[in-house]
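Undergrad: Okay, here's what each chain looks like letter by letter:
There are 4 protein chains.
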Amino acid sequence: MIFEEAADALVAVGRAFDARGWAPATSGNYSARLGDGRIAITVSGTHKGRLSSDDIMVLGAGDPRRPSAETALHQAIYARFPDAGAVLHSHAATSVALGKTIGDEWAIEGHELLKALPGIDTHDTTVRVPIVENSQDMAVIEAAVAPRVGEVPAFMIRGHGLSGWGRDVAEAERVVETLEWLAECALAERRFGA
Amino acid sequence: MIFEEAADALVAVGRAFDARGWAPATSGNYSARLGDGRIAITVSGTHKGRLSSDDIMVLGAGDPRRPSAETALHQAIYARFPDAGAVLHSHAATSVALGKTIGDEWAIEGHELLKALPGIDTHDTTVRVPIVENSQDMAVIEAAVAPRVGEVPAFMIRGHGLSGWGRDVAEAERVVETLEWLAECALAERRFGA
Amino acid sequence: MIFEEAADALVAVGRAFDARGWAPATSGNYSARLGDGRIAITVSGTHKGRLSSDDIMVLGAGDPRRPSAETALHQAIYARFPDAGAVLHSHAATSVALGKTIGDEWAIEGHELLKALPGIDTHDTTVRVPIVENSQDMAVIEAAVAPRVGEVPAFMIRGHGLSGWGRDVAEAERVVETLEWLAECALAERRFGA
Amino acid sequence: MIFEEAADALVAVGRAFDARGWAPATSGNYSARLGDGRIAITVSGTHKGRLSSDDIMVLGAGDPRRPSAETALHQAIYARFPDAGAVLHSHAATSVALGKTIGDEWAIEGHELLKALPGIDTHDTTVRVPIVENSQDMAVIEAAVAPRVGEVPAFMIRGHGLSGWGRDVAEAERVVETLEWLAECALAERRFGA
Chain A
113 MIFEEAADAL VAVGRAFDAR GWAPATSGNY SARLGDGRIA ITVSGTHKGR
163 LSSDDIMVLG AGDPRRPSAE TALHQAIYAR FPDAGAVLHS HAATSVALGK
213 TIGDEWAIEG HELLKALPGI DTHDTTVRVP IVENSQDMAV IEAAVAPRVG
263 EVPAFMIRGH GLSGWGRDVA EAERVVETLE WLAECALAER RFGA
Chain B
113 MIFEEAADAL VAVGRAFDAR GWAPATSGNY SARLGDGRIA ITVSGTHKGR
163 LSSDDIMVLG AGDPRRPSAE TALHQAIYAR FPDAGAVLHS HAATSVALGK
213 TIGDEWAIEG HELLKALPGI DTHDTTVRVP IVENSQDMAV IEAAVAPRVG
263 EVPAFMIRGH GLSGWGRDVA EAERVVETLE WLAECALAER RFGA
Chain C
113 MIFEEAADAL VAVGRAFDAR GWAPATSGNY SARLGDGRIA ITVSGTHKGR
163 LSSDDIMVLG AGDPRRPSAE TALHQAIYAR FPDAGAVLHS HAATSVALGK
213 TIGDEWAIEG HELLKALPGI DTHDTTVRVP IVENSQDMAV IEAAVAPRVG
263 EVPAFMIRGH GLSGWGRDVA EAERVVETLE WLAECALAER RFGA
Chain D
113 MIFEEAADAL VAVGRAFDAR GWAPATSGNY SARLGDGRIA ITVSGTHKGR
163 LSSDDIMVLG AGDPRRPSAE TALHQAIYAR FPDAGAVLHS HAATSVALGK
213 TIGDEWAIEG HELLKALPGI DTHDTTVRVP IVENSQDMAV IEAAVAPRVG
263 EVPAFMIRGH GLSGWGRDVA EAERVVETLE WLAECALAER RFGA
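Chains as they are written, first to last, in this note's numbering: chain A, 113 to 306; chain B, 113 to 306; chain C, 113 to 306; chain D, 113 to 306.
I should point out that these hints are in silico values taken from the structure, not numbers from a laboratory.
Hints are not guaranteed to be accurate.
You can't tell identical chains apart in this list, so a pair holds if it fits in one copy or across any two.
The calculated lysine to any residue pairs, modelled on SDA-like cross-linking and capped at a C-alpha distance of 25 Å, are [said to hold, decoys possible]:
| hint | residue 1 | residue 2 |
| --- | --- | --- |
| 1 | LYS227 | ARG192 |
| 2 | LYS212 | ARG178 |
| 3 | LYS212 | ARG162 |
| 4 | LYS227 | ARG279 |
| 5 | LYS212 | ARG177 |
| 6 | LYS212 | PHE304 |
Chain A extracted, bound-state conformation:
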């Protein structure tokens, strides 16, 4: 993938996420691994629903702007998972609320939609999304995430949102869309009295 393609795809993600309320204020950060191995990522402090390609920068390319404050988490995912081509961080009210009200993992079972996650081919399974505590020190978050990821390409930071990844932007978006929908469904189930 060349920069222009990556930038266009990340801009489109921002618009889609913002339309669903998953990118309030300047929250959220999105990246993609380019064909040459470099990482394209959103510039810090931008409104993700109103991105243009100019708001995407390449790490290590001399761009004087500040990349997303969570750049280190993106880099750690790319380093650990050679197949990861894109990482997306959403900030949705429902999944953040879910994460604040349960323990250190979110167990999901009995949903056909689980099959939208890579490697899952039945509803008749349990998927566990790790939840780690928030910190302003990315190294602390990364240390908490490292031993716990792998089963699904996603984790949650408490009070902070969801990170999902995939081979490309489309797959990463599918992972995030799946989990945010499952959080909405969990909320509705709770209200129906389950």
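Dock chains B, C and D against chain A, hints included.
TA: Positioned in the frame of chain A, the structure of chains B, C and D alone reads:
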């Protein structure tokens, strides 16, 4: 109906359902019966909010692509109901949550909107939507559905979503829109304390 | 107001209401009184989010199509309130759920937004929206509505939706928008534990 | 900032807020401080989702139209905070409901999104948004607000909505978007049982 009309109508359904959150990730599948009796259906694995006519294929026409994993369920409906011209499967958080928290049927009564279902001409009635268990074997689902459909042109698969049909795409869409709205209303009623 | 203006305004209302989920399937019906005293109203059975001017007809003008099934209720409002220039019927999940879970009136108090209703100039008041039982006989609904309307230009039919009116389409839309928002707020209040 | 820029920015805010349901009927009011120190503000009684530049007026410039009924509150903020360049008042069902069900302040803690508020650089803090009682006398509201603002650039009026400000329209919008999202999250947390 010729292929081009059917494809355009199914593409529009996908956009409308996705805008309402009824087609997360690559969920959902839509089909229509063409004038020559063949079935046009969504290709497997596509994002339903971003379909183009190229993502609709005709069964048995030599197209090498894989049709929706639930093609057999669509075919069974067309075989059983000669008047059925379109089948739509939605995947909405609220109705899926409802289906996970009740028994093997969803009884709806006292709603003017029931009249939007074919054959219903009063609010003063009870409509029962069958709910069957999910399976990765379409034959198992179909065997559970077969003896229970007919009262309304719809059924639910637990944890998996809602299927509705009609004489044409517009009527099938009306059935789905009606039932998804009624699920939303059931949720709100529950919260108001009913 | 001439027909073309009325039709354009009602088409726009349909699009706005459908976008908010207040016009599922073919529900809802909208009318306006023309300058010559005749009533323009939506044709029965149309999808209100996809209206064109062709879906609006003038009563008593020889149009062979069937007007909205609730035409008699619109006519009764125009007869009783000489200032009424438009009547809009919405079908929103939240207010319908509210109406199904309370008695024969909806009392609203302490809301600044009440001032958006004609004749209300303070939040420090209580507004009562009458709720009548549903019937397939418009004369029965009208007989129940007649003695109870007047305080606010609106009433609810249980399990069926909200009717609001005003001097023109804009004012009628403001009445409906106000009450649907207040129903949403009532729902949120209920969830916050009030 | 010149008038045209301010007007365009406020028109865009109205469209964005209305799309999220934060500007029902004719509620909401938005202003910006121009380069020459004058205040541009929305005309009273307009629908905020359908503003044009013509619906923005400059205070003290001889415009015969009536500015927003809450103009005095905007002016008080500009007088007290010399850096304030824009003030936005939203009217969202969730935050209004929240305000009606708690005491005289809304305490928010443990949210990464708090960092979107000016001067906050960690999630590990508690932010307190003051809530004052509603009145039809702006001087009464202003007297209640005056001793309590400053920690965050925002306050709530019970049953009436949220006011937020910033150096420019973008920052004020970020403040409002942050707090409305946090109210949505509080609602979801409540439902999840926190």
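Undergrad: Indicate, hint by hint, whether the structure satisfies it.
TA: We went through each hint and held it up to the structure:
For the identical chains of this complex, LYS227 and ARG192 are intra-copy neighbours only, at 23 Å inside a copy versus 29 Å across copies, given an alpha-carbon limit of 25 Å. Within a single copy, LYS212 and ARG178 get their C-alpha atoms no closer than 29 Å, and across copies no closer than 41 Å, so neither meets the 25 Å cut-off. Proximity of LYS212 and ARG162 under a CA criterion of 25 Å is satisfied in neither setting, with 28 Å inside one chain copy and 33 Å between copies. For a Cα distance limit of 25 Å, the shortest separation of LYS227 from ARG279 inside one copy, 16 Å, qualifies, whereas the shortest one across copies, 31 Å, does not.
Within a single copy, LYS212 and ARG177 get their C-alpha atoms no closer than 33 Å, and across copies no closer than 43 Å, so neither meets the 25 Å cut-off. Proximity of LYS212 to PHE304 under the C-alpha cut-off of 25 Å is found in both arrangements, the shortest distances being 20 Å within a copy and 9 Å between copies.
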